[in-house]
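Listed in order, the protein sequences are those of chains S and Y. Residue numbering for the first sequence follows the numbering used here, beginning at 99 and increasing consecutively. Residue numbering for the second sequence follows the numbering used here, beginning at 466 and increasing consecutively.
There's no promise every hint is true.
Said to hold, decoys possible - Label pairs and their calculated CB-CB ranges:
# : chain 1 : residue 1 : chain 2 : residue 2 : range
1 : S       : Ala143    : Y       : Val525    : 49 to 57 Å
2 : S       : Leu276    : Y       : Phe516    : 18 to 26 Å
3 : Y       : Pro646    : S       : Pro152    : 53 to 61 Å
These are computed hints drawn from the structure, not numbers from a lab. For each residue, glycine too, the CB sits at the ideal point set by N, CA and C.
Residues per chain are reported as follows:
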Amino acid sequence: MNTLLRRLYFLLIGLFLTAPMIVVAGVSVNVKQSLTFPPQGFSLAWYGEIFTNPEWRNALIASLTLAVLSAALAVLIALPLAWFLWRRIAPWANIFQLLGVAPFTLPPVITALGLLTFWATTGFYGASWTAVISHAIFFVTLPLVTLSLGFTAIDRSLVEAAATMGANERTIFKTVVLPLIRPYLISGYAFAFVLSLNEYIVAYMTVGFTMETLPIKIFNALRYGYTPTMASVTILFVAIAALVFGLIARFGDLPKLLGAMAAEK
Amino acid sequence: MRREPPQKIADYWPLAFPAGMLTVFFVIPFATMIAVSFFQRQQGGFYTPAFVFDNYARFVSLFFGRVLGFSLMLAIAVAICCIVLGIPFTYLLTRMGRKAQVMWLVALLAILSLSEVIIGFAWSTLFSRTAGITNLLVMAGLMQEPVALTPSFGAVLAGMVYQALPYTILILYPALVRLDPTLTEAARTLGASPVRAFFTVVVPTLRNTIIATLIMVFIFALGSYLLPQILGRPSHWTLSVLITDQAVYQSNMPFAAAMAVFLVLVTLAMVGLTVLIGRKGDAP
Numbered sequence: 099m100n101t102l103l104r105r106l107y108f109l110l111i112g113l114f115l116t117a118p119m120i121v122v123a124g125v126s127v128n129v130k131q132s133l134t135f136p137p138q139g140f141s142l143a144w145y146g147e148i149f150t151n152p153e154w155r156n157a158l159i160a161s162l163t164l165a166v167l168s169a170a171l172a173v174l175i176a177l178p179l180a181w182f183l184w185r186r187i188a189p190w191a192n193i194f195q196l197l198g199v200a201p202f203t204l205p206p207v208i209t210a211l212g213l214l215t216f217w218a219t220t221g222f223y224g225a226s227w228t229a230v231i232s233h234a235i236f237f238v239t240l241p242l243v244t245l246s247l248g249f250t251a252i253d254r255s256l257v258e259a260a261a262t263m264g265a266n267e268r269t270i271f272k273t274v275v276l277p278l279i280r281p282y283l284i285s286g287y288a289f290a291f292v293l294s295l296n297e298y299i300v301a302y303m304t305v306g307f308t309m310e311t312l313p314i315k316i317f318n319a320l321r322y323g324y325t326p327t328m329a330s331v332t333i334l335f336v337a338i339a340a341l342v343f344g345l346i347a348r349f350g351d352l353p354k355l356l357g358a359m360a361a362e363k
Numbered sequence: 466m467r468r469e470p471p472q473k474i475a476d477y478w479p480l481a482f483p484a485g486m487l488t489v490f491f492v493i494p495f496a497t498m499i500a501v502s503f504f505q506r507q508q509g510g511f512y513t514p515a516f517v518f519d520n521y522a523r524f525v526s527l528f529f530g531r532v533l534g535f536s537l538m539l540a541i542a543v544a545i546c547c548i549v550l551g552i553p554f555t556y557l558l559t560r561m562g563r564k565a566q567v568m569w570l571v572a573l574l575a576i577l578s579l580s581e582v583i584i585g586f587a588w589s590t591l592f593s594r595t596a597g598i599t600n601l602l603v604m605a606g607l608m609q610e611p612v613a614l615t616p617s618f619g620a621v622l623a624g625m626v627y628q629a630l631p632y633t634i635l636i637l638y639p640a641l642v643r644l645d646p647t648l649t650e651a652a653r654t655l656g657a658s659p660v661r662a663f664f665t666v667v668v669p670t671l672r673n674t675i676i677a678t679l680i681m682v683f684i685f686a687l688g689s690y691l692l693p694q695i696l697g698r699p700s701h702w703t704l705s706v707l708i709t710d711q712a713v714y715q716s717n718m719p720f721a722a723a724m725a726v727f728l729v730l731v732t733l734a735m736v737g738l739t740v741l742i743g744r745k746g747d748a749p
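So that you can see chain Y by itself, here it is in the shape it has in the complex (with noise of 0.2 Å):
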């Protein structure tokens, strides 16, 4: 059966389900999110509806421009330790045999799944000074007794890379199994050793790719919201912990509504450079 054109209104009939839901539980919340961005913040918590600059004016601060300064600085760290990790690790991986692979993506997919709630859950008790790894450097005798290692930047970043790794190399997957082998193998030929094939055949091949998984791991560093929370101080809060905190805790909808609304800009221009570099990877 070839695609074709519908031709008269009842071919359309499997298309009202999903475009409704979609138009009234997606498109409809979205907009009702950017007109509340407008509105005016009434004393005790509500709103009503007006068009007025008041919650987009709160972001020329000081204190927001730190914490956005903070959060794209988090989220390009989580990016390029996953890149560094990961780029090795995948191409392994797809060189690895079949139930092998398997096996790890099963693993990945697992953590990947894994709510932020269970990892802050899981990497504060390996962190902490009762159950943590500090207890083990004091078995082995190298520390005198255990301390606890958050709440702290180093405990945010090791938990973010830790959601996120799984999603990085799910990412360069597709990417690093359809590389041809031939290439490294003809590296090999001409007496090139294995690392050095690696990087002066494979990483150059995948420069779009590596641009490209730097950006959506970004977006989804970005989009963090617990972890910065659990394993880290207030000076370690992101942009998407203050979007929570305003819309739960202050009953600010504008600003949080505001917040999120410049939150979309900045992800749809990265989601429009990525785009962009795969146009461009496109061409010969």
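Next comes chain S alone, as it looks inside the complex (with noise of 0.2 Å):
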């Protein structure tokens, strides 16, 4: 009887989960254009319209180059600061920890209205490479969490090992460090890339009348009338976002990575 319970009580929550998805996954292989569910017909037309028409195909490939160059600048900024907090005493320099994850604590659209104001007092407001910087700063704590948590887990007696040897100092970060903390580094830049691609307030504050990503595209869609196009573009969210978390369980340790993920908030 317990047992039967709790089956029944996550099935409630998985159709919970997933009941929004199954009826817009109904919508999106619908033959003709309107949205009813269950669907009239099977068709994957609304999955081409994604890369034939050119609105739609402009935004996606807005939205991978975006989410491709910013995961990769929040790498780039969080990778060498995990490093120097892991290797120096440098209490003061721990502000630079919380600066990283303080734009994903707060509400995101203080962040988006800083970065609004600030392109617009600079005047590069609209710029396509402004929304890259933004995205960086918006997710840089992803890649930060999970390299913090990377560092910790690397015994120091291997790196000591190393020194006595006489390797340098960047000979030990090549040889020994880099490779320990390679499986940390590609899943923070996952876990942005993922987020990136879904992101909708700051691209829309610093760039939306320039740049439509997808998540733009979509609300703008939506404003105008529903088309299942809309849908066939969130299955293909939703199946790039399982994927890429597949993956990193696959080759990572998920339950770890986020047993210390939110022990860091």
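Relying on the hints, combine the two individually framed chains into one complex.
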């Protein structure tokens, strides 16, 4: 009876989490251009639309480019910072760790508005590269947290052994530290990539009028009537996120990564 | 290699790039926003440097008080729903096999990473007249004809709980995973039912974690800016929505900035409260 109750509870939570996606998936394979569920017929045309319709394709390319670049920049900011904090005793430097986590802790509209006022004041408002920097700052928390976690997991005696054998700082970093930190580096990048792909408010407030990312495109489309393409994009995004996190779980220790990630906050 | 204090200036070079980026693109924008909140608004969407409190004075109005009250009430409601649903779920999840755990975690992360736009679109479809769940009720013969369930307060609440539940579970996960299983085993040996053991042993042990999670989910929900617009009526708009609205559509940056500063203060007060509770939790 108890296991039955527990299964029912998990089923209900599972249903709550999947129901919107099931409906959206149903809508995305509709034959006609209308949002109906259960779907009438079966067609993958709306998935093709993402790649053939120039508007949707451009939005997809803009989103992917932005996510690839901003996640890379976030890692470039996080890696030296996390390494420095692990290698050196400099308590005041922890303030930068705090600054790195702050944009993610505050309501997102605040970081977005701060960046909007900044880009408007400096006169760069609307330039597409500002979106890369804005996203990188907004998501730097993710690689910073995973990397800090990775550094604490390093056995210092390994590094010490390398130093005793005469390796200099650069060699130690390349041959010992970097290989040990790589899985955390990759998952930090992947987290930042997926979240950047889905980000709306920062992109909207900083480059919304000049560059249309997929979430912005979906929101704009919402106001002028729904099309099944929005449903197919949604399913595409869910699939990308599930794939990326599935890969992290496959090649890394997801429970451990999450255990320490939340403890860090 | 032991940690050492930096000996020469060159030891600081790894800090240069991250420190520079965070200062220029986070600290300075934040300071700019605070400065703009005191600026004077000009007709036509521009503003000039000044030091006035007009933007803050606008808070003291019935309209603003109502929006703030609604935002806080909505965030509290979301946090409570998430805790009530999330604690038993996370507790049972941590007692499952590793493979099943990883599968759920991947699914939760995938939903957590979804854009508010997508969540809003998915729920508005689920609650729509043409593709919504009411169609299933009609098919089951429980309803005469399908109806639209949005815009409504219930739709906003459902969407926001959907957005915040994975976040809640992932915050609770580490605390529950590390929970000593001998505690409940002892209670079970003494004859308590699993449900009784959960409420008399697990919940009290986690009191501080639960309060801290409540506050974190509350802050998370406070940041929601699209779901109230997509799923609700203008009367369901929150402070975050108003800030976006003032900044983008009304071009009133000083007022938007003043509201944002106020939101920061509310959030910081909440974070302070979490830290305070966490400190108390460390003491025996």
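Now for the hints, and whether the structure bears them out:
A hinted range of 49 to 57 Å holds for the C-beta pair alanine 143 (chain S) and valine 525 (chain Y), which are about 55 Å apart. Separation of leucine 276 (chain S) from phenylalanine 516 (chain Y) is about 50 Å and departs from the stated range, judged on CB atoms against 18 to 26 Å. Separated by about 57 Å at the C-beta atoms, proline 646 (chain Y) and proline 152 (chain S) satisfy the suggested range of 53 to 61 Å.
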